[in-house]
Structure formats: structure tokens, C-alpha cells
Amino acid sequence: MRRFLHVTRGVAWRSIHNTVVNPAILVPSIVFPLFFLVAFAGGLSRIAEVPNFHYRPGYTSFQFVFVFLQSAAFGGVFTGFAVARDFDSGFARRLLLSAPHRGGIIAGYVLGALLRWAITGAVVTLAAAIAGMHVYGDGAELVALLGLGVLMNLVAALWACGLAMFLRTEQAGAVIQMPVFVLLFLAPVYVPLSLLTGWIHDVARYNPVTAVLQAARGLLAGSPTELALAFGLLAAGALIFGAFARRGLASAERAG
Amino acid sequence: MRSQIIELTNLCYSGAVTEQPAIEVDGLTREFRRGPRAVDAIDLRVSPGEIYGFLGPNGAGKSTTVLMLTTLLPPTSGRATVGGYDIGRQGAQVRASIGAALQEAALDAILTGREHLVLQATLQGLPAAERRRRADQLLARVGLTEAADRRVGGYSGGMKRRLDLALALVHRPRILFLDEPTTGLDPQSRAALWEEVRHLAHDEGITVFLTTQYLEEADVLADRIGIIDHGRIVAEGTPAQLKAEISSPSVEIMPAEEQRSDRLAELLSSFGEPLRDGRGRVTVKLPRGEAQLAEVVRLLDRASLRVQTLQLHQPSLDDVFLAKTGRKLEGALDADSAPGPAGEPPARRRGRRRGR
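Protein sequences appear in the order of chains Z and P.
According to our numbering, the first sequence holds residues 1 to 256 in order.
According to our numbering, the second sequence holds residues 1 to 356 in order.
The following block holds chain Z by itself, in its conformation from the complex (with noise of 0.2 Å):
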């Protein structure tokens, strides 16, 4: 177990640390959520006064919530961005001659694209904040929020971890992002699922982001709901993609 720790905390240190030192890295990965905030809840403010819109804290939380939790998958989708690039430069071939528990690998991408996202996650709040954001949720709804985002970036992380340790090559970048950005967008992002109509509700229906999206928009608002499916889905697919990101790395120990 200790050796386990040593490699997480030395592979999370070097992403965070790449991550603090490379502008090239640091600032898409704030100005990206940054935009959509400003984008979707400033250009959109109006759909707020579409009849049926019920969303108490108003229509810049309502985009809040959404860009929190993509800027969470986003942070776990450009780990793996990273680890791509890791197995092309070689520096991947490296850690698995250095790391005496491989498992640590993974857990180190993955908590260093969670640490690289409390800092996203905390310049889109404090943006949102600046914005005129309403808050009525509890301190404990708040928390579970956090939890919310926490695991969404989990789950995208290993997914794209996975991924780029099964492909091992930067070219894997469209891969990895293309799924989760298609499950993102097919949730209710500008809207609330009631006034969807179409396809595009019935996609987004079953679609699980959206048990995600609401229930992370149900805690801000102080009124949780689907918080059981919400977190459910997530744990289950922690554990699935968790699975995944490991016979990914089976797959790379077997390459060579």
C-alpha cells in the first residue's frame, strides 16, 4: 500500500506541477468553462423568461451548475490527453520501470486531474459569484454538489485514462473527448428537460448526465432531488471505467 502511495503522489505531483509551470496547459483549461459561463449565461440570460422556466436561483446558476460539473469532465478528459502523450514521448515507458506498484499510475493521473480541476472548478465559481449567481442550497447540499463534480471528474478521468493506455497515442485525443462531450451536450444544458422537446428529450431522458445535471442544479437550489441515482450512476461508473483504466494499463504492461 505505501508503495502504492508513493507512485499516486509522485505522478499526481508532476501533473499538477506541468500543469502550475506551462501556461500552454493551465490557461485553456480555465479560459475554456470560463467562456461557456460567459457564453451560455450571459448571451442566454433570456431564457430565464421562457414560461415554464422554474429554476429559483435564476438562469446564471442554472448555467453554473453545468459548466461545474463540464469542467469536471473536461479536467478528467485532458488527464488523458496527458497520458496519450506520455506513452508517444515515452516518459510513460519510464514510469512503469520506475513505479514499483503500477496500480499507483492511474491513481496518480487521476488525482492530479482533480487537483488540476479544484483550480478550474474554483476560478468558475468565483466567476459565477462575480456574475450574480444565487446560492440556496445548505452547506451539506453544497458538499454533496462538490461530491457530484468530484466523481464526475473521477469517472471521466479513468475513461480517458483507460482509453489513452489502451491506444497510446496522442491521436487518441478525439477519442476520448468525443463521448463524453457528445453525453454533455445531449443533457439538458440550456434548458430544463421539460421544455426539450423531440429527440432530443427522449435522448435526454435516459441520457445519464441529465440525473447528474439535476440533482447537482436541485442542491444549489436547495431543493435535492434523483441525488441517489445521481451519485449511483457515477459510483457505478467509477467502478466500470476504474476497471476499464485497469485492463488499460494491462494492455500497456503487455506492449511493452
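The hints are simulated quantities; they were obtained by calculation from the structure and are not laboratory data.
One thing to keep in mind: the hints can contain errors.
To spell it out: a stretch of chain Z is covered by chain P in this simulated footprint if at least three of its residues, at any positions, have a beta carbon under 8 Å from a beta carbon of chain P; those stretches are [said to hold, decoys possible]:
#1 1-11
#2 18-29
#3 84-91
#4 94-101
Even glycine gets a Cβ: it sits at the ideal position worked out from N, Cα and C.
Keeping the supplied structure of chain Z fixed, place chain P upon it in accordance with the hints.
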């Protein structure tokens, strides 16, 4: 013949008889899909504190062997222990007891030299207080103290190699794998690295498994050499044993007066059949080795035959390679046989191209 060499080696290295080998390999094989066997049922033993040179051309299977022994690539069949641990079942223990500098010094361009060492120390579980101290020690040892806080993206090839060696030594491994450590280095850096490898093995007792395609490197550095070609070990022994096995040294003499060349040949005929060139130079093999050189000198002195030049020629490892494989090692170093990723054999890449 091969088993005789191994027995002789065991006599020379008494440690191998009484101590557990640092590296023990039995029938180790690695096959790649749609390709030939990159490593074909090799057996070898390396004693603690020994420098074992693994010599062969590109694509011979050297790097694939190192990848298997360092647990980076699972073997198709066979078994091996490194530091007493099975590479298949005890990978974590193997990795904890070895250091390795692979062919490509895969470094993170964003990290500084010192940060690389601290990261390596963290991965290996060194206590926090010791990480920086160990990094400083190793930076000084490989002459990178001044460049320690520069990003390695700006390092030269030689500096990267030295940092790679330092990284391999962070956790004080008992066994060190160096995969073509001097490829691409200038002569000065190469000599410095050789000196460091000698120091590690002979002063610190670290076992060194070194792959190389350079005859000179294997000759001057290795206590024992395994010559690998097409995935098979074709010869093994000390450099002297290998050379002695295929040929004896020869002495080439140019008399001070060219007209005395006949007399010189007559005198040297007591050692064997003398060979003469058109300029009066006479060459003869010394069947009992270089110790016979003194006899030659005494004979010339008794005959009052003055010489202009006298040269002793030892057989080279290239001669050994030629004798064992039917081709010169230098000629085998062609681009077509360069290894692919993970040391995969050239045939696989050719097959892949055809498949596209």
C-alpha cells in the same frame, strides 16, 4: 562448445558457483505477432558485481531482452530471475531492485534535472528528507549540478544520458541495466560514462547488464560478453576467452634490412607457417598466445636480426562475430535491421507495411 564456455566462466568467476546469480535466464523467448522470434530461448547467468556486455547488431534482440528483464515486456515463454525475483510473478520486487537507462532517455522536457530526480525518488519511496539530498549527490556525481535547475528540454544529448544514468541510481539499485548507453555520445562523454560504469561495478558492487553494438565498448568494459544475433546467443565468455576460442594472436615483424626477410621467415617458421607481404614484412601466429612474444624477441636477438617494427595483433571481437555468424558485426549494422518500437524486429515492420 557453449556449455564448455559457461563452465570455464564459472571457474573464472567463483562467485557464480557459490552465490545466487544477479540475473538468471532460462529459455527466455519473445515472439511478436507476424514476426520472427525477437529473442529465441536464450540462457544466461550474470554474477553479482559483474559487468555483462550484451553485444550484437541492431535488431539482434538486445533491447527486447532488456525490456523483458526490466519487466517492461512479458516474455512469450521461458523464465528469468533478476535479483532473485521472478520477472513474471514478482515484477514489483524486480523493479525495486533494479535501475535502468533505456535506449531513449525518455525525459519530461518541462521538468528540470533536479525535479526529475526528486520525482524518481518519490516514485521509489525514498523518505522526503532524503529526496533532495540524494538528488544533489547524484547531480554532482554526473556533473550536472550547474544545470540542475534548468528544464531538460534544453539539455544536450550527453547531458540527458548522464541524467538518465543518475535517475537509474536514485534508489541505490543492486542491478543496473544500460541499453546502448553511449550511442550518439561524443568520445569524451563516452569515456566518462565507461569510467562511471567501471566504478559502479568494481567499487560499489553493482551488477551491470550493458547492451552495445560497439565492439570496443564491450571489449574494454565488460567482464563477460554474450554475443546475440537473430535472437540467439551465439557465443559467451570473457573477451579473452572468446578471442582465444577462435584464433591466437599473431606477430608482424618488419626487418631493419628488407633483404633479411628470408632469414626472418626462416626463424619464425619454428612457431608456425609464416606469411610474407611484398615489402619484406613477415607475420606468424603464436599458437600459445602472447606469452610467446618473449620467445620471438629472444630468437631474433640470438640471430642478431635487427627489426624496424614489431607488432602484436590480437584477434578482435569482430573476428569472433564473423566466426560465429559468418558476417562482420560492422556490416550487420545496417539501417534495415534497426529495431522498431519496443525493440520489435524489422520483419514485423515490413509485414505491417505490406498489410497497409
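>> Check the structure against each numbered hint from earlier and tell me which ones fail, lowest number first.
In response: Hint check: nothing fails, all pass.
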